[in-house]
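Chains A and B, in that order, give the protein sequences. In terms of my numbering, the first sequence has 290 at position 290, counting the first letter as 1, and numbering is strictly consecutive. Throughout, my numbering is defined as the position within the second sequence, counted from one, plus 1000.
Just so you know, these hints were derived from the structure itself, not from any lab. Take the hints with a grain of salt, since some may be wrong.
Partner residues are not named here, just some residues of chain B that face chain A (Cβ under 7 angstroms, in silico) [unchecked claim]:
(1) Leu1098
(2) Ala1160
(3) Thr1263
(4) Leu1278
Even for Gly, the Cβ is constructed at its ideal location relative to N, Cα and C.
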Amino acid sequence: MSTTMRRLGDRFDAATRGPRGRVLALALAAVAAVVPLALSQYDVDVLTDVALWSAIALGLNVVVGFAGLLDLGYMAFYAFGGYAFAILSTQAHWSLWACLPVGAAIAGGFGAFFGFPTLRLRGDYLAVMTLGFGEIVYLAANNLQITGGPGGIFGMPIPTLGRLSLGQPIDYYWMALALVALAAWVIGAVARTRTGRAWAYLREDETAAQAMGIPVLRYKLLAYVFGAVWAGLAGALFAAKQTIITPDTFTFTESFLAVAVVVLGGVGSLPGVILGAFAYIVIDEYFQAFTASYSGLIFSALLLIFILLRPAGLWPSRQRAQELGRSGLAPSRGERPDPGQGRGAGLGEAGAVPPGGGAP
Amino acid sequence: MIPQEVANGLIIGSIYALVALGYTLVYGILRLINFAQGSLYTVGAYIGFLLVPATAGLAHTAPALAVVVLLAAAMLGSGILAVVVDLVAYRPLRRAPLFASLVSSLAVFVLLENLVQVVVGAQPETFPTLISQTPWLIGPVAVTPSQVVLVAVALALMAALQLFTQRTRLGRAMRAVAVNHDTASMMGIPVNRVISLTFFLGGALGAAAGLLVGLNYGTITFNMGELAGLQAFTAAVLGGIGNIPGAVVGGLILGLLQSLSATVIPTQWTDAIAFAVLILVLALRPRGVLGERVAERV
Chain A
1 MSTTMRRLGD RFDAATRGPR GRVLALALAA VAAVVPLALS QYDVDVLTDV ALWSAIALGL
61 NVVVGFAGLL DLGYMAFYAF GGYAFAILST QAHWSLWACL PVGAAIAGGF GAFFGFPTLR
121 LRGDYLAVMT LGFGEIVYLA ANNLQITGGP GGIFGMPIPT LGRLSLGQPI DYYWMALALV
181 ALAAWVIGAV ARTRTGRAWA YLREDETAAQ AMGIPVLRYK LLAYVFGAVW AGLAGALFAA
241 KQTIITPDTF TFTESFLAVA VVVLGGVGSL PGVILGAFAY IVIDEYFQAF TASYSGLIFS
301 ALLLIFILLR PAGLWPSRQR AQELGRSGLA PSRGERPDPG QGRGAGLGEA GAVPPGGGAP
Chain B
1001 MIPQEVANGL IIGSIYALVA LGYTLVYGIL RLINFAQGSL YTVGAYIGFL LVPATAGLAH
1061 TAPALAVVVL LAAAMLGSGI LAVVVDLVAY RPLRRAPLFA SLVSSLAVFV LLENLVQVVV
1121 GAQPETFPTL ISQTPWLIGP VAVTPSQVVL VAVALALMAA LQLFTQRTRL GRAMRAVAVN
1181 HDTASMMGIP VNRVISLTFF LGGALGAAAG LLVGLNYGTI TFNMGELAGL QAFTAAVLGG
1241 IGNIPGAVVG GLILGLLQSL SATVIPTQWT DAIAFAVLIL VLALRPRGVL GERVAERV
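With the rest of the complex left out, here is chain B:
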């Protein structure tokens, strides 16, 4: 029982981690809680869902390729949307007080969520099964190929992000902007373009998570980003917001906590675990688990 719970926790935890990376990237650079991250996750899932008919032929011959196409489209779509959101709703407020940008990001979140509802309707949508859901038995643990794909894609994206920020020139530029906008700008770094890039990456990662959830759990709703966004934010805070490895660690810990707690408390309460964790972490250790390394913020 317990090994199975651990597996489930790591699966849902890697979703939290992906969305949490979006929060942490933007927070690291702008010190802004981007509430819209939750709706970028939703939009990603719906882009994938709406493109399923278009890739139906491909899904028949090469399902793996179809998944890659859907993933790329969702990530690209949400990534661009995130950049637009920044240009329209955050950039004009860069020098305005915290309250303004916070309310702005909140408004964007509700706006996008309601737009999705108006465009596709309030009813839940069913994702077709593209990857087999027949479980494999690995020792005491049953996992489906679809879950394996989910974790593999999530891990690959996290690794790619880590490589990007640590090993590339652009990644170094991002870290520089996170430390200080003006100094970075004097060093010749195009700060605004780097910020756009950050939003793109955050939106793309959130979209990947949304699509993977759709592929794996089969159902998506227009307000799926509310709960997931809040849980992922909790994960980011738990790991130390602004810290990339922290977001991953926080996501996995939160996933494990939720799935393990399901063995002792009724499942409808497991969602409340995230909020309890958020309250405890912020009240007791606001820097998060890996938060001391403030110098290495992105």
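Bound-form chain A, shown alone:
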């Protein structure tokens, strides 16, 4: 499934490049905006979830796909956005529009706060740290007074725009779609800047990037914070749509599923991860009728199969070739030039290097 998805994504990616591509992207966005008018409220609701998860996947893709950092606690930032809206709107009567930037800022701020001491760690340790961070945020939401404990917060007001009330499913859908469009546009643009190239560099070879004078820690932090912001925005929209937020919406399983969506959709490819989000929500909706645990089962199995079939690298070679400015010559990621090394799981500089090794 994911190979097909990736191929589709690649073709889409190629088609949306250049001025003609921009027209195509706009046309697609217009279709996405208009088509739901003909759909049932239930379908619109499902598509809203697709859009919200697309925003999540796009944001996480910055962290995982661009900078190559495995983040297992990404949904914590979703929680920051959601709770920011929930608390500010019910207690201070802020509007959604005021809460969105605040939610994004809080998510980004916590990203910086947590990322600064941890991002210098090697990849595997970073993964565990982010997992721990996600668990702490979950524990906090479950136990704090201000977050309403396990019952969460409910009764958020319906967002308005001037005199217009935005309480219909289609209204939420359009807001979520606008967020996806904004995310895809901004993230796509950033990826083509110096910053995007620096991310690709440190992902491919951190040591070399550092040797070339790229401030590795700063760029990792930037990716982490920039990625977190999108989860914050999506979380605030999600809370507004549900009018309730509970700790259950950002458990470890949710963070895992976000990673699975990005990896299966095609790490680093914007259309790919949107397709991944679509596939996830459709599968999740279908199995909701049985029991929620099946989506975890299916996606972990898919992820396992995928990784076993593509062990040499998750990054599509076309994308990498493009990033590295040559075609077909790029070695697959992490390919071991010296097979005599024999150091287990491919942690290149394993040996006596402590987990903090390699950073300034």
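Based on these hints, arrange chain B on the given structure of chain A.
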């Protein structure tokens, strides 16, 4: 109050230590964080739970023997599962980059956890009491026979592991593989078989911990391995990952920290202690408490 907290800390700490040994063994050999260790712990608890009816007759006449049978079954089951996990999910990725094996182990973890949920259901299960839970008073400390058994079994397993790695040929082979796969292989050590053995031991120790938790605390859930796995990983890092005595020391320190902190902060926050410790250790002293002895990794 404090002596009681110390006792509680050592009890839960020995559980962390057992699970942490699984992380440390695999990390020592493959430099891989085996996320699946948390689910092997869960699977161990459930194997024991599912076999309780079968051993009911035995539990009536000789409860100690019933516990031994359950323990052996859980350890064997999870140990074999760990070997299978390695064969299926890690061995094909030995030469692949870190990201691949890490995602693979994560996928296995979630897969096993969800399989348990699908097979036995999401509801918590209640373990029958096989060992008395009536507390003995030893000075100011109250401990139950079940807790004594828990600590005794945990200590015995740790001692056995230490003896195995230090005193036997296979143990020496494990240490050799931990130092360098290729050199070990040239010395005639069957590296892959040694790796399988390592996974078996790690899974068996995790399963023992899961079963002991079930016997002692009475309730098990399909996602019990999430929190316990993370805490045990913290313990392994705290003691210096890849280091066997380190995992034990780290587990006991973490258990003590958690139970002592319960006297000053609300109990629902004690779980957060582990993560705070993990962040502090990795940020300040990533080698862990006993981490300097990198030469003696297994």
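Do the hints match the structure? See the list:
{"no.": "1", "hint": "Leu1098", "result": "5 angstroms, holds"}
{"no.": "2", "hint": "Ala1160", "result": "25 angstroms, violated"}
{"no.": "3", "hint": "Thr1263", "result": "18 angstroms, violated"}
{"no.": "4", "hint": "Leu1278", "result": "5 angstroms, holds"}
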